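Based on these hints, arrange chain U on the given structure of chain Z.
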Amino acid sequence: MAREAAFSEAKLSHTAAMILQALDAGFVYGFSIMEMTGLPSGTVYPAMRRLERDELIRSQWERQSIADAEQRPQRKYYKLTAAGKATLEASRRRYPLLERLIPNAEAKSI
Amino acid sequence: MRPALKLEWASRILHAGLLRAASLLVPGRLRAEWRREWRGELWHVQQACERMSGTSWQGEREVASFCMGAFQDALCLRRSGKRGRFPFAQLHGAPSQCILILGTILAVSFTIAQLLPGVRAERSLSPGAVRPGLVTIEEIGENNDTMPKIPQSQYRSWADHKQKFFDGFAFYRVTTEVVERNASTRGNSVWSVGRAGANLFTLLGLPIRFRDPDGLGGSMPEVILSEKTWKRDFGSDPHVAGVVVQLGEQAARIAGVAPDSSLELPRRVDAWMLGPDSAMPGGGTGYVLAHLTPAGEAEMWAHVVRITAYGPDASQNDLLGFSLSARATGPWILYLFAVFLALVSLPAITSVSLGEYSQDPQGTSWSRKFTRWSFLSAKIALLLAIVYFASLDLAYGQTTLDANRSAYIQLMFSFLACLFGMRWVLGDQRHRCPVCLRRVSNPAQVGQASQTFLAWNGTEMMCMGGHTLLHVPSLPTSWFGTQRWMYLDTSWGFLFAGSTRPIP
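Protein sequence lines correspond, in order, to chains Z and U. 1 is the number of the first residue of the first sequence in our numbering; add one for each residue after it. 1 is the number of the first residue of the second sequence in our numbering; add one for each residue after it.
Derived by calculation from the structure, the hints in this document are not laboratory data. It cannot be assumed that every hint is accurate.
Claimed, not checked - So the derived label-pair ranges between C-beta atoms look like this:
| no. | chain 1 | residue 1 | chain 2 | residue 2 | range |
| --- | --- | --- | --- | --- | --- |
| 1 | Z | K79 | U | W424 | 52 to 58 Å |
| 2 | Z | R92 | U | S367 | 41 to 47 Å |
| 3 | U | R61 | Z | Q60 | 52 to 58 Å |
| 4 | Z | E89 | U | A32 | 33 to 39 Å |
| 5 | U | A378 | Z | Q60 | 49 to 55 Å |
| 6 | Z | R93 | U | I105 | 51 to 57 Å |
| 7 | U | A32 | Z | N104 | 34 to 40 Å |
| 8 | Z | R94 | U | A378 | 42 to 48 Å |
| 9 | Z | R100 | U | A449 | 58 to 64 Å |
| 10 | U | W424 | Z | R92 | 27 to 33 Å |
What the hints assert, rightly or not - Derived SDA-like pairs (lysine to any residue); straight-line CA-CA distance at most 25 Å:
| no. | chain 1 | residue 1 | chain 2 | residue 2 |
| --- | --- | --- | --- | --- |
| 11 | Z | K76 | U | F71 |
| 12 | Z | K76 | U | L18 |
| 13 | Z | K79 | U | L30 |
| 14 | Z | K79 | U | L18 |
| 15 | Z | K79 | U | L75 |
| 16 | Z | K79 | U | S80 |
| 17 | Z | K76 | U | G28 |
| 18 | Z | K76 | U | K6 |
| 19 | Z | K79 | U | R36 |
No experiment lies behind these values; they were computed from the predicted model shown. Cβ coordinates follow ideal geometry from the N, Cα and C atoms, glycine included.
So that you can see chain Z by itself, here it is in the shape it has in the complex (with noise of 0.2 Å):
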């Protein structure tokens, strides 16, 4: 609990907070968080980095079993952390626009 605190009273980027946006709003794998918020490849792979190193997301492979039936390669998603959800509580606080930009009605079924 105490850490999950700590991390919401830290001072997130507004890209980080959109990429936590867009994480939230199902939004789970690096290339549809680049069509969704607009930001380029070298900007929201480094994020997802930082992210994950700070315990605010986490990242998971897909099962072989589902890329072979698409007849395409395995992806890796991204999930939000407890930690993620409260600094994104917390940053939707601090940009309240964010939830207009990224609204998770557009939520999509992992």
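Relative to the frame of chain Z, chain U by itself:
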């Protein structure tokens, strides 16, 4: 169709090549997974671009732009990997870094001093290691104590009669002998051999190591090796006792090893050949060691005792007995002398002032002052210890050097290292923020030399913690003679927003 297909394959190879090139920047342990992720994402980007615009230059540009982002990602991973690998990066410029480096150098020089036998032997030289009351008897006014001066007849006269002030005498001569070691193939060498009576080591109070009990009482004369010779010529062989060596024309059996010499005898000796006084050739001169009784010690003044000797013909001879414990000063006295010389010479090469610290509008707390002076004291203490052990390593590491040359090397090295080391210590202290003790950085030239008499000009440096600015005048004037610290209040904080250094 065929040219379009070729173009598509060429672009795919190009994109894959870009990713592979970028992956070379990624730390090896993360590379495979990184490639896998980017390859998967690239496939989706290519599919999306094809859906949007088919095979077109715009689509190709977007995919290429996506691939170029891989370089930034790879560089980000590389930088974070380096941060993880160098956990002490945050120490840069910190006082703890300085102490850590000095401590490491001290540990290395101390370890070397412990490992080198020559240094160990020299460090064992101390007045406390010598049996009290031992003196070497010499003639008055003789400056060259390496020349033997006492006639053997005089020694015999002393030894044969009961003395009030002495309870033991030993006589020895030193000759240079070619030595053959028949037990090994290491060849011949030349030793300084001290020929002495059998009571020498009893008088000196030195134990003999590795003594061979089986050889006691044999007819062959005994040889006691000095520790230096034992290590140099016998490779520290613990079974050296009993080995027979040929000293000149005489065969002798090694009976043991003398401990690290705690004595500064008039001449350095590689080995002692012990035998009864009667076996020593008569006549000639030699060195005499004597042990004072309590009455004799009471007569000693300033480590010297006056002796009046009467010859067989009732002639009177004035001699002096020099305390061996006073001569066994070891390298410590030499080092202290070098440090004294360096401290006296220091103002000649640098200013000993630490600059002005009195400009803090909030007042400098006593704890900060204490920390600052403690840090300076710790640096000086570490430096002096480093100089001591490093000078011993350098001067006495080579056992083949003679004593005078080693002493000269130790004196010169100690003096120079201490002099320039102290200069560095003071210079370093002058460039440390008085609040956090980090080194100031980012020097900037301020003002113009042509306006020296209108405004100050010199170098400005800043503490990256945002505590202070340091102003160093390039030309000292009557109103700005030495460096000054300008303490920054909290209104400067926004300039150092990215600083990770806390204000203590």
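Q: Check the following: the C-beta atoms of R100(Z) and A449(U) are separated by a distance inside 58 to 64 Å.
A: About 60 Å separates the Cβ atoms of R100(Z) and A449(U), which means 58 to 64 Å holds.
Q) CA of K79(Z) to CA of R36(U), is that 25 Å or under? A) holds, 19 Å
Q | Satisfaction of the hinted span 42 to 48 Å by the C-beta atoms belonging to R94(Z) and A378(U) | A | 45 Å Cβ-Cβ, so the 42 to 48 Å window holds.
Q) A32(U) and N104(Z), beta-carbon distance inside 34 to 40 Å? A) holds, 35 Å
Q) Given the proposed pairing of K79(Z) with L30(U), does the C-alpha separation stay at or below 25 Å? A) holds, 20 Å
(Q) Does G28(U) sit within 25 Å of K76(Z), going by the straight-line distance between their CA atoms? (A) holds, 19 Å
(Q) Holds or violated: K76(Z) and L18(U), Cα atoms, limit 25 Å. (A) holds, 20 Å
Q: Verify the proposed pairing of K79(Z) with L75(U), using a straight-line Cα cut of 25 Å.
A: At roughly 24 Å apart (the allowed maximum being 25 Å), L75(U) and K79(Z) satisfy the hint.
Q: Take the C-beta atom of R61(U) and the C-beta atom of Q60(Z), compute their distance, and say whether it sits inside 52 to 58 Å.
A: The hint (52 to 58 Å, Cβ to Cβ) is violated, given that R61(U) and Q60(Z) are roughly 32 Å apart.
Q: Go ahead and decide if the range 33 to 39 Å is satisfied by the Cβ distance of E89(Z) to A32(U).
A: holds, 36 Å
(Q) What's the verdict on K76(Z) and F71(U), does the C-alpha distance respect the 25 Å limit or exceed it? (A) Status holds; Cα separation ~19 Å.
Q: Sort out whether S80(U) lies within 25 Å of K79(Z), counting only the CA atoms.
A: holds, 22 Å
Comparing the model with each numbered hint stated earlier shows that hints 3, 10, 14 and 18 do not hold.
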